[in-house]
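Can you build the whole structure from these sequences, using the hints too?
The primary structure of each chain is shown beneath.
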Amino acid sequence: MSDVGLVITQTRYGFKSLVRTPRVLVFSVFFPILLLVLFNSIFATGKNATVRFHGRSIDTATYFTAGIIAYAVMTSAFSTLAIAITARRERGELKRLRGTPMPPWTFMVSQVLRSVVTVALMVIGLLLIGRLAFNVSIPGKTVGGLVVYLVLGTATMCTLGIALTALTPTEETASTVAPFAAVILSFVSGVFIPINSLPDWLQQVGRIFPLYHLADGLQNTFFPTGGGIGLQGSNVASLAVWGLAGLIVAVRRFKWEPQGPGHS
Amino acid sequence: MFGFLGPNGAGKTTTIEILEGYRNRTGGDVSVLDVDPGRSDRAWRNRVGLVLQECQLDPTLTVRETLSLYASFYTDPRPVDEIISLVGLEDKRDARLGTLSGGQKRRADVGVGIVGNPELVFLDEPTTGFDPSARRSAWNMIEGLKGLGKTIFLTTHYMDEAQHLADRVVILRQGEIVAQGSPDELGESVGSASEVRFRLPEGVTTQQLEKVVHEHLDPSGTDVSFRTSNAQKALYELTGWAERHHVQLADLEVSRPTLEDVFLQLTQEAAPQ
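Protein chains in written order, with this note's numbering: chain E, 3 to 266; chain P, 9 to 281.
In case anyone wonders, no lab produced these hints; they're calculated from the structure. Heads up, a few of these hints could be off.
[Claimed, not checked] Incomplete in silico selection of chain E near chain P, CB under 7 Å:
{"hint": "1", "residue": "3"}
{"hint": "2", "residue": "4"}
{"hint": "3", "residue": "11"}
{"hint": "4", "residue": "15"}
{"hint": "5", "residue": "19"}
{"hint": "6", "residue": "27"}
{"hint": "7", "residue": "58"}
{"hint": "8", "residue": "94"}
{"hint": "9", "residue": "98"}
{"hint": "10", "residue": "103"}
{"hint": "11", "residue": "228"}
Idealized CB from N, CA, C, for every residue including glycine.
Structure (C-alpha cells):
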C-alpha cells in the first residue's frame with residue numbers, strides 16, 4: 003500500500019475507534035454543542051443581547067458562537083489528540099506500531115487528519131446551529147479569514163496536543179490535564195465569559211495563551227473592522243509561535259514506548 | 009523454533025529488544041536476517057513479526073479490523089481470514105478486542121504478529137497468564153506457525169512450553185548463555201539417568217528397597233526416588249519384589265530428565281560473584 007493509502011487507512015480506523023469511544027464523543031462533540039445552546043439561550047438575551055468587544059458593541063450570540071468554535075477546536079485537536087496518543091502509547095500500541103514497516107509519519111499524519119476532519123465537522127455543525135437557532139452569520143468577505151484562523155488554530159492545537167503527550171506519563175494524567183486546560187483557558191480567553199468582563203490582569207493572563215488568540219481572531223472575522231479577510235497580525239503571530247513551540251517539543255520529546263509506572 | 013529461556017531478570021527481554029531493533033546495544037555485533045537491527049529499515053521490518061510481552065491493541069476495533077489494519081502495513085500480507093482461522097478466533101472475528109478474554113486477546117496479538125507473512129517471528133512469553141487448556145491450544149497454534157515454515161524465536165519461562173515447542177533452546181543466566189542445545193540434549197546433560205519415584209509403602213524401609221534396586225534412595229516427603237541408568241532392569245526388580253511381597257507401589261512413575269531439571273540446576277547454582 004502506498005504511504006498515502008496508509009494515512010487514509012489509519013485515519014479511517016481512527017474514526018471507527020473514535021465513534022466507538024463514548025467519552026470522547028461526549029467531550030468533543032456533544033459538549034461544545036450543549037455549551038453553544040446553553041450560553042446563547044441564557045447569556046445572550048435581553049440587556050445582554052450585545053457585548054463590548056474592542057470598544058464596539060456587538061451581538062452576544064455571535065460572540066459566543068465564535069468563542070465556542072475556538073473551544074471546539076481546542077477539544078477536538080488538543081485534548082482528544084493528547085489523550086488518544088497517550089492512551090495508545092501506554093497500552094504499548096505505539097511500540098507495536100513502531101515494530102511494523104509502517105512509516106511513523108503516516109501514523110502522525112493520520113492522527114492529525116482525524117482531528118482536522120473532526121474540527122471541520124464541528125465547525126460546520128456549530129455554524130449551522132448558530133445560524134438556524136441564534137441568527138448568527140459571518141460576512142462573506144471574511145470567510146477566508148475564518149478558514150485561515152481555523153487551519154492555523156487546528157495546526158497549533160494539534161502540535162501542542164502531541165507535545166503534551168511528552169509530559170503525561172499515563173492516560174489518566176492526559177485525560178485530566180488536557181480537558182482541564184481547555185476549560186480553565188476558556189474562562190480567561192473570552193470563550194465562556196466576555197473578555198471585557200474580566201479584570202485587566204486576568205485579560206493579560208489570557209492573552210499569553212493560544213486559545214485567546216484563536217477566539218479573538220474568530221470573533222473578529224464575524225465583526226470585521228478593516229478591509230481584507232479580517233486577520234490580525236498579533237493573533238496570527240501568537241498562534242504561529244505556539245504552534246512552532248509545540249512542533250519543536252513534539253519532534254524532540256515524543257515517546258513511542260510506555261512511560262507510566264511499571265515501565266523502565 | 010528457537011527457545012530462549014532464563015529466570016526473571018536474566019536479560020531475556022533486553023536481548024529480544026535488541027534483536028527486535030527497539031533497544032540499542034552497548035557493544036558487540038548483532039545480525040538478524042543479515043541486517044543489524046539497530047539500523048533496521050522498512051524492508052527488514054517487513055520480514056519480521058513481533059508479539060510483544062506487554063501490548064494491548066485498540067479495544068474498540070474488532071479482530072478482523074485490527075488484522076486488516078496491520079495487514080495494510082506490509083507489502084505481502086497473508087489473507088486476514090486465514091490468520092483468523094490459524095489463531096482460532098473464527099467465532100470472534102467481529103468481536104471487539106475489548107470484549108475478548110486474556111487468552112483470546114493474546115491470540116489476536118499473535119495474529120497481528122504474523123499477518124505480515126514474516127520470515128522470522130518473535131514471540132515474547134506468548135502464554136503467560138494462560139489457563140492450562142488455553143496454553144494447550146496456544147501451543148497447537150504455535151506449532152501451526154512452524155508448519156508455515158517460519159523461524160520462531162520464543163521467549164518463555166515455562167520449561168514445559170520450551171520442551172514441547174522448541175527445537176533448540178538457550179538458557180540465559182545473568183546475561184550469559186549457560187546452556188544450549190535441543191531440549192533432549194540438555195536433559196541428558198544433567199545425566200542420562202532416569203528417575204523412578206513412588207510412595208514408600210507402609211512397613212517397608214528404604215534400606216530394604218535399596219537392596220532390591222541396588223541404588224541409593226532419596227526420600228522426599230512420603231515419596232522416595234532413585235536414579236538409574238537402566239530403568240527397565242530396576243523396574244523389573246522393584247515390581248517383581250513388590251508382587252512377591254504383595255506390596256502396592258502407589259504413584260509409581262519413571263521420568264527422563266526434563267528441561268526443567270536442567271533449568272533449575274543451572275539457574276539455582278550459586279551465581280558467580
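How the hints compare with the structure:
1. 3: holds, 5 Å
2. 4: This interface hint is violated because 10 Å lies over the 7 Å limit.
3. 11: Given a least distance of 5 Å, the restraint on residue 11 (chain E) holds.
4. 15: holds, 5 Å
5. 19: holds, 5 Å
6. 27: violated, 12 Å
7. 58: Violated: closest Cβ of chain P sits about 47 Å from residue 58 (chain E), beyond 7 Å.
8. 94: Holds. Min distance 4 Å.
9. 98: holds, 5 Å
10. 103: holds, 4 Å
11. 228: violated, 47 Å
In terms of the numbered hints stated before, the structure departs from hints 2, 6, 7, 11, listed from lowest to highest.
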